[in-house]
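Asker: Listed below, chain by chain, are the residues.
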Amino acid sequence: MSFERFYVHNGQAWALAQVPVLDEVSFRREILESCAAAGRLVSLFAHGPKDKNICIYAVVGMDHEGRLSVFSMQVPAGKTGFESLTPVLPQAHLFEREIAEQSGLQPQGHPWPKPVRRHQNYSFYQIHSEEVHEVAVGPVHAGIIEPGHFRFQCHGEEVLNLEIQLGYQHRGIEKMMEEISLERAVLVAESVAGDTVIGHTSAFCSNIEALSDTQVPLQAEMIRAMALELERLANHVGDLGALSTDIGFLPVSAYYGRLRGEFLNLSMELCGSRFGRSLCRPGGVLFSLDEGMIDDFRRRLLKAKKDFTDVAELFFSTPSVLSRLESTGRISRQAVEQLGLVGLTARACGHERDVRTDYASGMFRFHHIPVSTASSGDVYARALVRRLEAQRSIEFLLEALQQIPSGELLNKPSRLKPDSMALSMAEGWRGEIAHVAITDSQSRICRYKIKDPSFNNWMALSLAVRGGQISDFPLCNKSFNLSYAGHDL
Amino acid sequence: MWQILINRFKQGYRTIAYPKQVPGFPGRYRGRPVDVKGPVNLGELLFNEEAAAEGCFTYSKDHRMAVSNKEDLVAQGDEIRLAGALNDKMKRLFGRSLKLRQVCAGGCNGCEAEIQVTNIVVFDLSRFGIQFVASPRHADGLVITGPVTKNMELALKKTYEAMPHPKIVIAVGSCAISGGPFRGSTEVRNGADSVVPVDLYIPGCPPHPLTILDGLLRMLDRLEKKQ
Ligand code: SF4
Chain A
1 MSFERFYVHN GQAWALAQVP VLDEVSFRRE ILESCAAAGR LVSLFAHGPK
51 DKNICIYAVV GMDHEGRLSV FSMQVPAGKT GFESLTPVLP QAHLFEREIA
101 EQSGLQPQGH PWPKPVRRHQ NYSFYQIHSE EVHEVAVGPV HAGIIEPGHF
151 RFQCHGEEVL NLEIQLGYQH RGIEKMMEEI SLERAVLVAE SVAGDTVIGH
201 TSAFCSNIEA LSDTQVPLQA EMIRAMALEL ERLANHVGDL GALSTDIGFL
251 PVSAYYGRLR GEFLNLSMEL CGSRFGRSLC RPGGVLFSLD EGMIDDFRRR
301 LLKAKKDFTD VAELFFSTPS VLSRLESTGR ISRQAVEQLG LVGLTARACG
351 HERDVRTDYA SGMFRFHHIP VSTASSGDVY ARALVRRLEA QRSIEFLLEA
401 LQQIPSGELL NKPSRLKPDS MALSMAEGWR GEIAHVAITD SQSRICRYKI
451 KDPSFNNWMA LSLAVRGGQI SDFPLCNKSF NLSYAGHDL
Chain B
1 MWQILINRFK QGYRTIAYPK QVPGFPGRYR GRPVDVKGPV NLGELLFNEE
51 AAAEGCFTYS KDHRMAVSNK EDLVAQGDEI RLAGALNDKM KRLFGRSLKL
101 RQVCAGGCNG CEAEIQVTNI VVFDLSRFGI QFVASPRHAD GLVITGPVTK
151 NMELALKKTY EAMPHPKIVI AVGSCAISGG PFRGSTEVRN GADSVVPVDL
201 YIPGCPPHPL TILDGLLRML DRLEKKQ
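Chains as they are written, first to last, in the working numbering: chain A, 1 to 489; chain B, 1 to 227.
A couple of the hints might just be wrong.
As the list claims (entries may be wrong) - Some, not all, of what chain A presents toward chain B, calculated at C-beta under 8 Å:
1) P20
2) V21
3) Q169
4) G261
5) C271
6) F287
7) L289
Hints in this document: simulated from the structure, not taken from any laboratory. Remember, it's a predicted structure, so these values are computed and weren't measured experimentally. Using N, Cα and C, we set each Cβ at its ideal position, and we do this for glycine too.
For reference, chain B alone in the conformation it holds in the complex (with noise of 0.2 Å):
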């Protein structure tokens, strides 16, 4: 019991101040590109390092990048239209509570451990009233990971119909935006709006649990006005 207690004290208090302050990134770090050329689609974007060696473009330290609209999604020069706020009556309904339900449909398991990890001490997702739930019953909205393999599509579509009404379907990395590395194969769909609608694309290949936690935020209308 001593021991335990002890230890406590030992780690100390180790949530961030999200979103008062905004951690800084290392400097490889490869957030949103800016200063951009010709168009570039996050939401089929790698994060890879090569993608910004042929000039297009340069990563930005910017961890921002969830989107309402699928044509958002296509960057151009500096700006990209950050996704907006739920209307206002789902903004009631869900605003200061909102249970999630996670469907990984064929992604690597990176993007479900970065969303596990909004979990944990350091994000603290539950400080927002925004939690994962077991069961889609329990759920107003959907998390999707994953470019929907074939033998997941059924079980997907499942899960979405037996979320009650109102739902909010949120997609989360390359692969549930536009199939990621997995584009093009006969394996799987290029992507969850093939199968349901979507309400908020979070890029990245995985996107850091901070920019799933501003997209979430950014949707319930949690954040500063001023960003």
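Just chain A, with the same shape it has in the complex (with noise of 0.2 Å):
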């Protein structure tokens, strides 16, 4: 069977009606052929309440292209499952074990069907050997930070495998999008990871901006941009300093940690929140900038752009340090490749991976922000990137701050468009997100699908301490430094 391939954009709202429906044998091969020419997963999900008639709709990126195409697959009534592109397309993976949680739909040959979120009835993975030991972590950790599961089987030091269980974070985001206000969804979409505000509230403005024809200021744009930075500098230097913290480097994890307060700061004159919440809003945002506060900003920045320079230079010129981060926790490109690996995970290993250049929306169509990437895939490779990527932030920053149009602040949504579908993505920090919303005949929001980079990244963790010492697993996990909450919903 032919069909006319549909396209879309970035921030792009289309009617239901144009998303061409395959059926199960041509939506298979429709996957499994673009994704061999260079395309890559972004989105796989089911929607439609269970025993209903199902459909999978499917959102492949064209990396190269700048667009993406979108295609379905409606399921027959009756049906409980569907053959797994998992053996053949590992990326798939988690798409699949996703679709059969949420919807019932079984993947069929799947080699690794467990829940993703929820935790009845699963045995973890074991080597069994008198040799070999396993080691369980969590859900509670000894540190403040988010609770997962980490299950080690391990022959001595060496970590033959490891096996991630999550969901504890699981809120039922997805569900209460489709059942709250818009009013109150734009705080949930603030809180699905705390540390990613304007990443994933740009993202969902954006999805209700395409599905009410909603013109963004110019203002506002600049504003989401420089917002969207400003949370990269304030993480990827807090993992730095985190990462100083793991091996032992305690004065430079002191000033990592106090420079990423100054940038969290930032964010707290610019909108009263130390994450940029209450900044992001449908139609814009609610704050900007006066000459007084532009003034101040660069003058702050200035001084932070010297000192980061001045830790960095310490922190990547110390000989023990670099011993202690090469080879550590290492991911092939190939890696990258196969399981669909974003962000800067994916430029660690040399993947030009970057939503702001690929599909730039917004300011990004304008202010280009060079892709910084390193070869290596191991934890130095991920730290580099981390200051490459700080550095680059922080001169758009000072660029940007000469720069920010004058005009309105929000421009207020209208109604959503019925039986429509949207799709946003932004580069948040850790790497890409993805926002689709489905439209119900009353314009109601009826499908609401989230995907944080950590859902696609969570893999690559468990590769890279596989073979390495036990020992290295918390530096290995900084370095990714992934969001449970994220990956949750």
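Fit chain to chain and form the complex, with the hints in mind.
Answerer: Pasting the structure below:
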């Protein structure tokens, strides 16, 4: 069966009826063919109440073309499963498990059909041998961090396998989005992952704007882009601090920690919240910077830039730091392709994957931030990419401060279009955030699909520690610093 | 080595003089609601900008808002009854050394991040004798964030039970007090006190590190009386 492909862009809405509906065989073939032709699964999810006509939607990103192909498959009534793609397309593994959990449809032949966010009756993978021991950690961890369970199979110090079970943070966000008002939904979007408020909220807002044909004022676009980079800065600097703590380089860890605070405080100047809450709203933003604040921001950013350069120079030129970071927790380039890893994890393996460039939207259409990459795929590479990106974010902010457009801050969105679908992506500091919204005939949101970069990338952590020492786990973990909340929703 | 020393010198002394001096908050900071016309529940408030736009209250620059009783979360007029000190026996035990264990029970990581920050050089929690420890067995108090998801309920209960008596429980953030933005979701309980008894409520989404610090010190009676 041949069909006309349907392409969309980041931040676009379209009528649901425009999405090609394929039968199972062609749906499967289309996914495999487009992924073979440099495509990548951005989203794959089921829509439809249990036992009714379920529809599976696929969004395949063509990174080099800057567009995404959307198509769907109607699952015939009474059918309880579909042939799993995972054995031939590993990057589908978690998407398919999620479909099974959310819709009840079973991916037949899935090599690892375990729960994603519900925990009943699951037994972990085990290696049976007298020489192998098991280490179980979590869900409550020793530090002040989110809950998750890690199960190691170790041979002495060597990790043979790490299995990660998440879901402890599952708050039912996608379901809530279908039930609550838009005014409340934006507050929930701000709370998908508390360290990525701008990333998730700007994607949410962009969906609402697309679904209501709202033009976002230029000033608002600029403020959003600046806030996104400020968020990246705060987190990257904080992560470099966390890495320093883990290798026992305490002075540097303290400097990074304080510097992170400087960026969070800038965010508070802008919108009253250290994490960018109450800034993005459908239609624009609630705050901007006046002349005095711009000067103050510039002064503080220049100071922070100098401090960051000094501290990073010290960190990256200390031999004992380098020897600890290099070759630890390595991920291969192939793994990035096979598992569809995104964000700085992918860039640290030499993949130029960045929504700001590949699917530029908002201000990033006019202000291009060069993509930062490293090649070795280890903890060092992930630290280095953070350093480079932090520098570029500061540069961007300093430049943007001189060019904030004047005019409106917010155009109030009107009613959403009925029977439509929208897709918005943002390059959060961890990587690609993708939100898909579907409206029903009453213009209400009837399906809201969120994908945090952590959803793609948790598997990378398992791979990074495989074959390494279990004592390297904390360092590897910090080098990704993935979100539990973002994964668990 | 020299590099490290030079850098150390450049970085200077960074710990703030709190509680002797309270640093100023920027103009847009949303602190404790004042001029409250109808009752406003600080435990349910998400401290978002729009909440004040309806004219029921205005946000002040006051960061202090921790309370001991759930009823005190409801603000009227300009004042609220801030948290009181522990009783004498508890104060004798914990006043100069308090070990806390943190459990994230479904928060978004915003509250955890701000709790974490009380440890950094700027706030330096440890100078007050307060410390976060790795095991509930070593802890005097439990700090809970998040609305308590169904998936975390058991782990939270077990952590609570593993702590020796007497113990204190502190709920940090709207989620842990009322469910916060997730209030009403079928996947969560609406706050920590549906599972364990709570002694101190620290509102905010997330609360500023100084709000957290203020709450802890208030409970330990370590603040100047005139405040
Ligand atoms: S209260 Fe707000 S910041 Fe704290 S965990 Fe809940 S949603 Fe996150």
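Asker: Where does the structure disagree with the numbered hints, that is, which hint numbers, in rising order?
Answerer: Of the numbered hints given earlier, those the structure breaks are 1, 2, 7, listed in rising order.
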